[in-house]
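K.L.:
Could you build the full structure based on these sequences and the hints that come with them?
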Amino acid sequence: MSLDKKQIEHIALLARLKLSDEEYAESVEKLSKIVDFVAQLSQADTTGVVPMAHPFDAAQRLRPDVVTETVERDRYQENAAAVSDGLYLVPKVLD
Amino acid sequence: MALHLQTLTELAAGLANREFTSVELTEVLLARIAEHNDTLNTFVTVTTDAALAAAARADDALAAGKGGVLNGLPIIHKDIFCTRGIKTSCGSKMLDNFISPYDATVVERMAAAGAVILGKSNMDEFAMGSSNETSYIGPVRNPWNLECSPGGSSGGSSAAVAARIAPAATGTDTGGSIRQPAALTGTVGIKPTYGRVSRYGMIAFASSLDQAGVITRSAEDAARLLGVMAGFDERDSTSIDKPVPDYVASLGDSIKGLRVGIVRQHFDQGLDDECGARVKDAIAVLESLGATTVEVDLPNLDLSVPTYYVVAPAECSSNLSRFDGVRFGHRAENAVDLLDLYCRSRGEGFGDEVKRRIMTGTYVLSAGYYDAYYLKAQKVRQLIADDFKNAFADVDVIAGPTTPTPAFKLGEKVDDPILMYLNDIYTIGANLAGLPAMSVPCGFVDDLPVGLHLVGAHFAEATLLRCAHQYQQQTDWHTACPAAFR
Amino acid sequence: MSSAAAKSGWEVVIGLEVHAQLMTKSKIFSGASTAYGADPNTQACLVDLGYPGVLPVLNKEVVRMATVFGLAVNATVARRCVFARKNYFYPDLPKGYQISQFELPIVEHGELFITGADGKEKRIGITRAHLEEDAGKSIHEGLDANSGIDLNRAGIPLLEIVSEPDLRSAQEAVAYLRKIHTIVRYLGICDGNMQEGSFRCDANVSVRPLGQEELGMRAEIKNLNSFRFIEKAINFEVERQIDLLEDGGTVKQETRLYDSDKDETRPMRSKEEANDYRYFPDPDLLPVEISEEYIEAARATLPELPDAKRQRFLADYELKESDAAILTASRAVADYFEAVTAATGTKAQVAANWVIGELSGALNRDGLEIGASKISAAALAGLLNRIQDDTISGKIAKQVFEAMWDGDGSADDVIDAKGLKQITDTAAIEAVVDKVIAAHPDQVAEYRAGKDKLIGFFVGKVMQETKGQANPGQVNKILKDKLGG
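Residue numbers (my numbering), protein chains in the order written: chain A, 476 to 570; chain B, 23 to 508; chain C, 8 to 492.
Honestly, the hints are just simulated from the structure, not real lab data.
Check the hints yourself; a few may be wrong.
What the hints assert, rightly or not - Calculated lysine-lysine pairs in the DSBU-like style (CA-CA distance at most 35 angstroms, straight line):
id, chain 1, residue 1, chain 2, residue 2
1, C, Lys474, C, Lys402
2, C, Lys381, C, Lys442
3, A, Lys481, A, Lys493
4, C, Lys93, B, Lys411
5, C, Lys354, C, Lys381
6, C, Lys144, A, Lys493
7, C, Lys239, A, Lys567
8, C, Lys229, A, Lys493
9, C, Lys93, B, Lys109
10, C, Lys402, A, Lys567
11, B, Lys88, A, Lys493
12, B, Lys109, B, Lys88
13, C, Lys186, A, Lys481
14, A, Lys481, C, Lys229
15, B, Lys88, A, Lys508
16, C, Lys405, C, Lys381
17, C, Lys186, C, Lys428
Please read all numbers here as calculations on a predicted model, not as lab measurements.
P.N.:
Here's what the structure looks like:
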């Protein structure tokens, strides 16, 4: 296994995923397989190759600085589970 | 011919000639949904009332001598496209309660052209899967064999079109999610050039790979729909500002002299012999139409799957961070603190495969692994793109198999992610390089359809569609209908 | 205040990160308004809320603003820059990542000059300045066990300006900040309002034994929203670190919050977990390409910058060094001063005195910016001209100024209405002087016996009689003549 439970726990915390014990066991096994599988990339000779982030070698198009949005707070908040006076609610945040 | 058996092009002619109304057509198809959906599980949502209302409007428009190019034609949208006022679940429990407040550009454009939306099709959760088994409402079944997968992630779309429930459906393709299900269900699927169709309103899986397209019964239908969907959108920075050609107009042109590339590596180990034979037959048909074949080399083809399974999860891990239970989507009950709210909302809302990809992506981007995995994959991606670029110096299209095997049994690969991922070996390259590609039915193996895969250079959609259309003038594989759905 | 820097044997090393909110109309990646103070979440559109399926589109204006800033601090403006995602979960960060710049920022290798404690110019390096989106705001009061999230600020464009660790004291840090503050306002790219959070600062503070090359472990102090707090927070932190080290302890690398009520810094609880931001290029945004022509066109639009303006004020107007610095700290003040000077025949230093003295006092008193001054530059020039041509005395002018401020019209209006015109008629003044001399024989005797200082007494009496309107020079001369006689 190329990944152990401790690593999976760290990854799950970074990704904010709560996993059950079975899910942990399965993740150790399957993620290890995946990581081993993708590790074959190391065999490729990429000396001098520029990393490709986009399918095209194009430049960003820019938008004029104009206010175009009429915000509809109530409609947008219909999907939220907890709101109060227009604020989205979450358990108390520490600063 | 019964309405449900007609292609989009035939239906358009029938509507224009007043042979039937859009409401009549829509009622026929809604009845077919009612009849078959329990068996196939192709829909997340059926929008009966909205469909009938849209059909009535389309009939009025036609009577008034108005209406767009898709006026009155029923279609299905993959549930990954945001549809205003309609649930948009993306195949996930996370968004089971999500009513989109806006329309995706694709949805908007098709509606503006007069299309009637029958509903939202089932799909692999967040488009992550190749069998439709990761959907939170369960897998779609393949109309050719109910024990088989219709492919994924656009499996609901492909199965519905194959089963003659709808003449056409939208799909999205990140690593083969239009073409592979099209191949496994005997339908036509096209993924255009990256940037050709706007991604606005399409729930992101892997932003640098995602592209919208269609699943239809003929290349001609695909040309008709793509012309409506494609084009520049100022709301998508990666959308390409380039005129959209009339894809239908050039379909009739001959493919004499078309240079067809055959990739040696495609016919190496891994490809089912019978599938390979059907694909070679199809290439022979192209030759009989005057195309010439040229052997081309894609030396890094084997690396496309591992490259994809670094790049796509990396982008997905970040794209899916917005699902945190605060502004939309599933929210865990009685969270004790913020961390608990996040971890449980996401832990409960996402399925296994999605979690696995989020974790894979988190891992390959994390400190200490970024260079070895993510950066390396980006470099290999460049090598793969260069391979295609070199190949397209000598050929106009590359032809080969869409998948290594015909449809596989549900449950057969679901426990082995690597086995599942290798299903995408022939399709992934086009996503990594941003190239247009399509799958066209080219025969059967053990009563299951086989797909011919055509890949073009950037913006060569018209060439692909013409090649496929000319092939379909000589063959009738695309008209075959599964017996139970005639 | 006990200056921490005075503790011998230690060197203080400070680097600052300034977040300057760019004054665009719409957000950096969406068409939502950036206006301050709207009801919660009424200026958060689908893009700002991170809704599924939406995409960012970059605001052209932020590229221009970052470019002119880069040119103003003599930096390199990148021909190609890239947006990256900084991944972390926090409720005020709707997408779970912040769009920022990491490896290829828009501005690099800049510099500016401050005046050090020794009075000499000191160069401070600017490592980089990059574009990013602001986060929303968490509200903790009145919501019981919950916090409320307002995303109006999410997506507001920021320019994060990172200095080299070249600053050696809290005073230098403040001087640097004031300079940045002046520059961004000169350029018109940031309003500099610290109360509203449009100009914020984090300080990286460390100490090391004098002579040591290696940097000490640093703490990052957040929540610094006034120049005064920045100085106090840094001084507190320096002392804390030195005390810790002198007691044999070690400084922890951590994020600390400045509490202005208690005047102390304390560790931030939310930042205790080690972060792994997993930066990678944002696939939704292509690289931004900036042409040489674009950069040159931007350069042509640059206003005269504070340092150049100060030098010019010293040379052209022969002002006092400190006055030139005050007048050029704000472009609006400098412009006002120049408008006054241009419209009056009086000496520039006199105009400077009025702008820095009476005018600034009145503005402060009413809490106004110079742009909202109740006396225009032309009107103030009109007043100064009346002093210059002896219509009124400097003292009466202050009275006229107040009336003008209160809306009583131009200097001439006020002078006419109140009959404040200076008495310059020698005969009239002589009559008053004679009257005063006649009324104070004892003092006249004392003066003539050699008590010269009494001249002030007589001037005062004459001015009193004339309600301050007699020309003071003439009064003096006539008094001396008559008393001496």
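K.L.:
Of the numbered hints stated earlier in the document, which are not met by this structure?
P.N.:
When the structure is compared with the hints, numbers 2, 10, 11, 13, 15, 17 turn out to be violated.
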